[in-house]
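A.B. asks: Spelled out, the chains give:
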Amino acid sequence: MLEKGKISPRQAGELMFITIMATVILFVPAITSELAGHDAWIASPAGSLFGLVTVLLVFILGIRYPGRTIFQYSEDILGRFLGKLVALSFVWFFLHLAATVVRQFGDFLTTSFLPETPLSVFNFTLIFLAAIAVLSGLEVIARMNEFIILLVVSSLLAIFSLSISIWEIENLFPVFASGIIPIARGAIVPAAWHGEIVALAVIMPFLTRPRGALVSGAAAVLGSTALLTTALIAVQSVFGPDFTASMHFPIHLFVRSINIGRILTRFEVVIMIIWVAGVFIKTSVFYYCAALGIAQVFGLSEYRPVVLSLGLIIAVFSITLYSDVAELAHFLRDAWPVYSISMYSLGLPLLLLSVSLVRGKLSGEAQGKDKQDG
Amino acid sequence: MNNAFFALAKKIKKKIKRRTEESRPKKEKTKSELAVSDELKQRLQAVKDLLGESKDIVIREFKSGNDMVKLAILFIDGMSDKATISETIIRPIQSGNLSIKFNKDLSAGNALAAIEKHLSEFAETSTVPDLSQAVRQMLGGDSILLIDGEKEILVFGTRSWQSRAVEEPATESVVRGPREGFTETMRVNTSLLRRRIRHEGLRFESMKAGRRTWTEIVLVYIDDIVNRRVLEEVRRRIAAIDTDSILESGYIEEFIEDSPWSVFPQIEHTERVDKAAAAILEGRVLILTDNTPFTLIIPTSFFQFIQAAEDFYERPAIGATLLRLLRIAVLQIALMLPAIYVAVTTFHHEMLPTSLLLSIAAAREGIPFPAVAEALLMEATFEVLREAGIRLPRPVGQAISIVGGLVVGDAAIRAGLVSPAMVIVVATTAISSFAIPAFNASISLRLLRFPLLILAGVMGLYGLIFGLLLILIHLSSLQSFGIPYLAPLVHGTADDAIQTFARIPWWMSFKRPRMLNTRDRVRQKSSAGFRPAPPDERELFHEEVKKNAGKR
Chain A
6 MLEKGKISPR QAGELMFITI MATVILFVPA ITSELAGHDA WIASPAGSLF GLVTVLLVFI
66 LGIRYPGRTI FQYSEDILGR FLGKLVALSF VWFFLHLAAT VVRQFGDFLT TSFLPETPLS
126 VFNFTLIFLA AIAVLSGLEV IARMNEFIIL LVVSSLLAIF SLSISIWEIE NLFPVFASGI
186 IPIARGAIVP AAWHGEIVAL AVIMPFLTRP RGALVSGAAA VLGSTALLTT ALIAVQSVFG
246 PDFTASMHFP IHLFVRSINI GRILTRFEVV IMIIWVAGVF IKTSVFYYCA ALGIAQVFGL
306 SEYRPVVLSL GLIIAVFSIT LYSDVAELAH FLRDAWPVYS ISMYSLGLPL LLLSVSLVRG
366 KLSGEAQGKD KQDG
Chain B
5 MNNAFFALAK KIKKKIKRRT EESRPKKEKT KSELAVSDEL KQRLQAVKDL LGESKDIVIR
65 EFKSGNDMVK LAILFIDGMS DKATISETII RPIQSGNLSI KFNKDLSAGN ALAAIEKHLS
125 EFAETSTVPD LSQAVRQMLG GDSILLIDGE KEILVFGTRS WQSRAVEEPA TESVVRGPRE
185 GFTETMRVNT SLLRRRIRHE GLRFESMKAG RRTWTEIVLV YIDDIVNRRV LEEVRRRIAA
245 IDTDSILESG YIEEFIEDSP WSVFPQIEHT ERVDKAAAAI LEGRVLILTD NTPFTLIIPT
305 SFFQFIQAAE DFYERPAIGA TLLRLLRIAV LQIALMLPAI YVAVTTFHHE MLPTSLLLSI
365 AAAREGIPFP AVAEALLMEA TFEVLREAGI RLPRPVGQAI SIVGGLVVGD AAIRAGLVSP
425 AMVIVVATTA ISSFAIPAFN ASISLRLLRF PLLILAGVMG LYGLIFGLLL ILIHLSSLQS
485 FGIPYLAPLV HGTADDAIQT FARIPWWMSF KRPRMLNTRD RVRQKSSAGF RPAPPDEREL
545 FHEEVKKNAG KR
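Protein sequence lines, in the order shown, are assigned to chains A and B. Start counting the first sequence at 6; every next residue gets the next number (the working numbering). Start counting the second sequence at 5; every next residue gets the next number (the working numbering).
Hints were generated in silico from the structure; no laboratory data involved. These numbers were taken from a predicted model, which means no experiment stands behind them. C-beta atoms are modelled at their ideal positions from N, C-alpha and C, and glycine is treated no differently. Just to be clear, a hint being listed does not mean it is correct.
What the hints assert, rightly or not - Calculated cross-link-like contacts (lysine-lysine; reagent style DSBU-like; alpha-carbon spacing at most 35 Å):
id, chain 1, residue 1, chain 2, residue 2
1, B, K45, B, K86
2, B, K515, A, K9
3, B, K86, A, K11
4, A, K11, B, K529
What the hints assert, rightly or not - Computed footprint of chain B on chain A; a stretch qualifies when at least three of its residues, placed anywhere within it, have a C-beta under 8 Å from a C-beta of chain B:
id, stretch
5, 103–115
6, 280–292
To be verified - To give a feel for the contact side, a few chain A residues facing chain B, derived at Cβ under 7 Å:
id, residue
7, A138
8, I169
9, S170
Using the sequences provided together with the hints, build the complete structure.
C.D. replies: Below, the structure written as structure tokens:
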């Protein structure tokens, strides 16, 4: 085993929750509002629930190949060559994802908080932190997350409840004004985000009780759906859909507009803390998945030696993949959902599962014994 | 440790051998009767050779009352009770007119058995087969009796030395609670614990460590509560200690903790007997070390450092729970306040309300340093002040704090070197760091304040968060004997977390912490130990109801 630590299903669920949630409430409200208009707050739960499909696929695969990660069982299913290819493409997916997340992080901080600091400072420091976390292992990431989740959830709830006085619910209506098409278009973005839960396929073998993955994965999706919907309702009811869509980070301005008396103002620093902590966990998870994937595909005995070099790759990608925040937003809105859903959160897992089922049927009893051993 | 023991045994055997070889030619010349008495002399000489001419070793040779046996008693002056030795050991053997039976039994071949039999009612005795072991016990304060012609050696438990009385511990004083603290003497300490926990499950397990100091280390636990695997691990780690000296429990702490390079203390220590007893009852293992009042509590999680013994005696809701929340706030202030101040005044002016910003800006007008430098300077000054004051005699220490704190601080502000706001920040931080109950945890926070300050000065709040996340990674990777350091926030159940941050009333605390994985988790059965209510009133009410029902 490359990873000796074990985490509980609850920890895994919390990890997945933060992994999805960290960036979703920052980017998705604007994009969904742009695509779905008034109905963004309907589109988001509709899309988010797609994550449940991914959880189910990953769970069935994980149960069929106990103790093995997606990098390993793709080889079991598709054979050596094709399997390694699929596994490597997943490694690429996690690397790409990590780089994109880091880039989102840097862009947010440079546009909203420290405009004069170069992007690379934020990217490199975050990757440095994540590298230390990955080197410390999955258990440590999960433990940190247990601390961070308290911070994130309690401050988000505090922000939403403090802002109720400035909500204008009329902004959410009319419902279904422009039919179902915009909702469907708007739903695909949160769907892509929640499809990131495919990382559960890497973590599942390291659960103390792998069968708990289904419940905790589903809980993670539902929890993050609830938070995203709350965020959308809050933001839209304050700004209205058009203004929301015109911003890159509506939640940031939203938090700025909360004033309690004359003392409790300027909550945006809270958003920054949540953001940094959450993105740190998110990056660490994908970074970890990529490192473990490389190690398993190439049969290394340790994943730690590849961590630093992968960090460099992520750092370079995070700077060179997108030229500016507009391009990043464009990519996230137009290209990313189709790409990630069709390939990684639905396409490949579905392919793996169906081939596995067909092969299981074909070989029948003859291979029944082998499977038990494997 | 064992090796040392064998080495000593070998040495003594060699010496005895050499003596006998040297004396052999003499032996041939003289009569066999003299050879017997030589045997005692040789052994005494061996002891003298081993211990050198140390003045504190007392060797008294004497004969039994009936002149039939030669004996020698050895003890260390100041560590054994001389009166007991002469009254209950030497006199009964020496005096000719003791019991007839004793006199009859006491003969050359039978002396050891006779003495053991007849003296057992006077003192605690035991026999030891070889000289090296006996000498070792003598060095611990026992007295040893060598009998001519007998290979085995009688050891009398005569340990008695000057020790400090049981006093109130200076480091952990309380307003309410017992005032007894541990002392430097092991027996006193074990009796203090035994007096509090009279359960038969209380175990004192003795181990020795230190090749030269032979320090006694005692593990204390309750047999049917403690987690066996933790206990096993403690034993293993202590047995693995191979050093020549252990003078304080701090030595042991360093030898057995999980991450010795960490800035955070992973083992809690206490001088308070009640706190130690509470830890044992919770299912933890206590390590007593001879010659120090500080005991170690294992395993330890970080949040133990925000608890004080007194919490458990005060009113639960208002007293203890709010105090704990206050301590958590204080912990954060002690760690971050200067960094936050620097970050906000340097990078994030927009976060402050305008009026506050204006007053801070006005105060900073004309200050020659950037806020980071100012903060570092003031923090460093404060640390120096504190270090200077801490070890001086009390009257001088006060002078230091007056000169350093009042005169220098005031002058610095008047001279325009530091801003008053910075002085307020530094002073608040200092007071906060004093409010943390555990001194060793507060040192770690003091240390971490400086890197955070520098990070905040370089990158603002982002730098501060960066630093905090680094600390969080570190804290998450720490463990104390298999239990995550951040437990119960990280590892335990919600129940544990509530018990840690709030003080649950005693009538409501049914279970021991889940994270410790103790064998017996039940403190009280939930049905039996429910909320105390005035019983007679309730019964009266029921009787009233019954009466009324009867009337109808």
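A.B. asks: Under the constraints set out in the numbered hints, which ones does this structure not fulfil?
C.D. replies: 3, 5, 8 and 9
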